[in-house]
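S.K.: So the chains spell out like this:
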Amino acid sequence: MELFTNQILAGISTGAIYACMALAVVMIYQAIEHLNFAQGEMAMFSTFISWQLMQWGVPYWAAFVLTLGISFAGGIAIERLLFKPLAKAPILTNVAGFIALYAILNSFAGLIWDFTIKQYPTPFGSSPFLGSQLISTHQAGMIGVTVLLLVLLYLFFQFTRVGLAMRAAASVPESARLVGINTSWMIALGWGMAAAIGSIAGMMIAPVVFLEPNMMLGVLIYGFAAAVLGGLTSPFGAVIGGFLVGIFENLAGTYIPGVGNELKLPIALALIITVLVVKPAGLFGRPIVKRV
Amino acid sequence: MTAMLNIRSLNAYYGQVQALHGLEFALNEGSVTTLLGANGAGKTTTLRAICNMVRTTGAIEFDGALLSGRSTENIVRLGIAHVPQGRGTFTTLTVEENLQLGAITRRDKAGVVSDIERMYAHFPVLKQRYTQQAGTLSGGEQQMLAVARALMLRPRLMLLDEPSFGLAPLIVRDLFKILGKINREEKVTILVVEQNAQLALEIADQAYVIETGRIVMSGNAAEIANNEDVRKSYLGY
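First to last, the protein sequences are chains A and B.
Each residue of the first sequence is one higher than the one before, counting from 1 in the numbering used here.
Each residue of the second sequence is one higher than the one before, counting from 1001 in the numbering used here.
Just chain A, same shape as in the assembly (with noise of 0.2 Å):
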């Protein structure tokens, strides 16, 4: 029993990256229609930038929130440079566009920060959590950061002006621009915030999968995952599928045989297809029905 308590805790708290992830993902499907195969790669790029500063001598929360402007800006720079351009383009224009992008961070990361692993630092320290052995307090701090952040945005999405237009941009481009939002702006700081978004997944998961250029890859497809599950046009379905699919994944890992470290991602996959074929809208999202 301890055991499965222990396997469900841990897969909340990894849960909890791959609902920023899923969440980040999401966020910019709204705005564009398109999956951000890149996504995992900003968010590494984004933690090494935050450990770039802690080398340079930045305390750990100052480098966090410096990292989180660095990443917001980031991503508003990369809409107004390449997506920007590509918003009438096909769809296979675009997602050469988040290859293209996936490959200059990952070889600019190595390039900058070379391919060694490299240790990073954990501000919840790894003892148990309140002395209890389930958890510890760095997966806790996980939970915590992940749910404070989804509080905020949540208020932001539910009682700001801005958040208020950038639901109805995602909702009806047309009718919003109609009352006067600018919605090519409200494209532009969804990929700042699910830029941000990624950078909290990246420096909170870092310590746990350690800091390398590729740190990302199995967190992206796990977060892709979670997106389907909960529905890609549903943030709340994502932050949901996130946990579910860290549930998943652990007790998977833990209890079928055969499934160990090595078959985690194949297992991610097999659940995308799934959920594809079996509920294409995902547990929390609507059908995306065009008017021909």
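Each hint can be trusted.
Sample of chain A residues lacking proximity to chain B, with all beta carbon distances greater than 12 Å (derived):
(1) Leu9
(2) Gly57
(3) Ala62
(4) Ile76
(5) Ala87
(6) Asn94
(7) Gly97
(8) Pro257
Covered by chain B, per the in silico footprint, the following chain A stretches (three or more residues, Cβ under 8 Å):
(9) 162–174
(10) 180–191
The hints are simulated quantities; they were obtained by calculation from the structure and are not laboratory data.
Given the structure is predicted, the values throughout are model-derived calculations rather than measurements.
All C-beta atoms, glycine included, are put in the ideal place defined by N, C-alpha and C.
With chain A held as given, fit chain B onto it using these hints.
M.R.: Here is chain B on its own, set in the frame of chain A:
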């Protein structure tokens, strides 16, 4: 009376297809003007051209300033509210959020709050449903929401694209009564595109008839209503 909106030799294009051919007309401040015409005549395109939602050449002047080159959202910010065909409801948001969005460019919070109450007075059914997702409203309710959303801008000019479309006759009557009241009481200039010519001519001061992208007739609404050709083609008697 001075012309608030002045349109000269307006052409509009969808890709290679030209939809408007040298359109010319003017709207007087405080008036209700209707644009009549069959399907595909270019009525909707004219409204979309004013908000720069199609490619155009020619001149559109609002209060003496040229609109060409401005983005849709900047044109709206000048005080031009557009109720699009199909109502453009933010279906996933609540009724009240739809109204707030109409006023999203305004900075006077207190004014917005009191305007929402004013809209509820105009359209009591919206008040009953204010927390509901707007997509769950009936067609008539969504049309009222669309008009209310446009009014939340405190527009100087309101463009309405087939407000009667898909609505029961009684609801259409109500809606046009409210439009007349809005024009009189709030001094909003109205340009309404309608297939229901009879109703539109009742509340309009001025009317234009448009055929295949050209204005073929213009005059005050009563004159147009009595015109033999218009009666045969658009009023059906």
